[in-house]
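S.K.: For reference, the chains in residue letters:
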Amino acid sequence: NAGVMQNPRHLVRRRGQEARLRCSPMKGHSHVYWYRQLPEEGLKFMVYLQKENIIDESGMPKERFSAEFPKEGPSILRIQQVVRGDSAAYFCASSLRGTGGRTNEKLFFGSGTQLSVL
Amino acid sequence: QQQVKQSPQSLIVQKGGISIINCAYENTAFDYFPWYQQFPGKGPALLIAIRPDVSEKKEGRFTISFNKSAKQFSLHIMDSQPGDSATYFCAASKVDDYKLSFGAGTTVTVRA
Numbered sequence: 001n002a003g004v005m006q007n008p009r010h011l012v013r014r015r016g017q018e019a020r021l022r023c024s025p026m027k028g029h030s031h032v033y034w035y036r037q038l039p040e041e042g043l044k045f046m047v048y049l050q051k052e053n054i055i056d057e058s059g060m061p062k063e064r065f066s067a068e069f070p071k072e073g074p075s076i077l078r079i080q081q082v083v084r085g086d087s088a089a090y091f092c093a094s095s096l097r098g099t100g101g102r103t104n105e106k107l108f109f110g111s112g113t114q115l116s117v118l
Numbered sequence: 119q120q121q122v123k124q125s126p127q128s129l130i131v132q133k134g135g136i137s138i139i140n141c142a143y144e145n146t147a148f149d150y151f152p153w154y155q156q157f158p159g160k161g162p163a164l165l166i167a168i169r170p171d172v173s174e175k176k177e178g179r180f181t182i183s184f185n186k187s188a189k190q191f192s193l194h195i196m197d198s199q200p201g202d203s204a205t206y207f208c209a210a211s212k213v214d215d216y217k218l219s220f221g222a223g224t225t226v227t228v229r230a
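Taken in sequence, the protein lines are chains A and B. In terms of the working numbering, the first sequence opens at residue 1 and continues consecutively. In terms of the working numbering, the second sequence opens at residue 119 and continues consecutively.
Please keep in mind that the hints were generated in silico from the structure rather than gathered at the bench. From the three backbone atoms N, C-alpha and C, an ideal C-beta is built for every residue, glycine too. Hints may be right or wrong, so weigh each one.
Example chain B residues on the side facing chain A (calculated, C-beta under 10 Å, incomplete) [said to hold, decoys possible]:
| no. | residue |
| --- | --- |
| 1 | Pro126 |
| 2 | Gln127 |
| 3 | Lys160 |
| 4 | Phe180 |
| 5 | Thr181 |
| 6 | Phe220 |
Here are some chain B residues the structure puts well away from chain A; computed CB gaps all over 12 Å [said to hold, decoys possible]:
| no. | residue |
| --- | --- |
| 7 | Ile136 |
| 8 | Ala167 |
| 9 | Ser203 |
Start from the sequences and build out the full structure, keeping to the hints where you can.
M.R.: See the structure below:
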């Protein structure tokens, strides 16, 4: 009974390179959420996706960041031309329905990808 | 801008003691208040949650106290154990929203 799987666990990139973070939700879950955790801060919502659809990307920076959740395969968070300020832990979560953790709807988090930009 | 303010940043408690973490919010539209526990190298996991129609919820050694008029809620860990050593996040969400607003986290260390 695998949980939410994220890879890689650690990703090191130089400034200007691209970072691709992958997330496979729990089995049977079709709702995926990405959160970013900066040092000394709590998690901040980035984007909510369902299969093949971006539902809410209000927390995503307008440039360089994109996310997808294709019909087949994991959800991908892509950061182009990374800068030092992108260094953070990126967490993916999934839920069975689209309530994202409310009330009786449990939100399951992966172990995160720690992105370090040199 | 932090919508949920959490304190303290860290605390140390002796085994068997009580750990208390406080959170405050401004947005009166928030109506769901979960607490998440995160161990090093792991993602947050839901620990306990409360709705504002009750003032207290208890699950085992963990209790949430909620003060709607003060817009504050807190987590009490009774009889703290070394295995409780982790980072705890409070969070909140609105009635029609799936997005969680998290506090900055409290690192709890339980000394044996």
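S.K.: Next, verify each hint and record whether it holds.
M.R.: Outcome of the hint check:
Because the beta carbon of Pro126 of chain B sits about 13 Å from the nearest beta carbon in chain A, more than 10 Å, this interface hint is broken. Because the beta carbon of Gln127 of chain B sits about 8 Å from the nearest beta carbon in chain A, less than 10 Å, this interface hint is met. The interface hint given for Lys160 of chain B holds, since its Cβ lies 5 Å from the closest Cβ of chain A, which is under the 10 Å cut-off. Here the hint on Phe180 of chain B is broken, as its CB sits about 16 Å from the closest CB of chain A, past 10 Å.
Annotation: Thr181 of chain B was flagged as interfacial toward chain A, and the flag is violated, the nearest CB pair being 19 Å apart, outside 10 Å. The interface hint given for Phe220 of chain B is met, as the beta carbon of that residue sits about 3 Å from the closest beta carbon of chain A, less than 10 Å. The Cβ of Ile136 of chain B lies farther than 12 Å from every Cβ of chain A, with a closest approach of about 23 Å, so its non-interface assignment holds. Here Ala167 of chain B does not stay apart from chain A, with its beta-carbon only about 8 Å from theirs, under the 12 Å limit.
Every C-beta of chain A lies more than 12 Å from that of Ser203 of chain B, the closest at about 18 Å, which supports listing it as non-interface.
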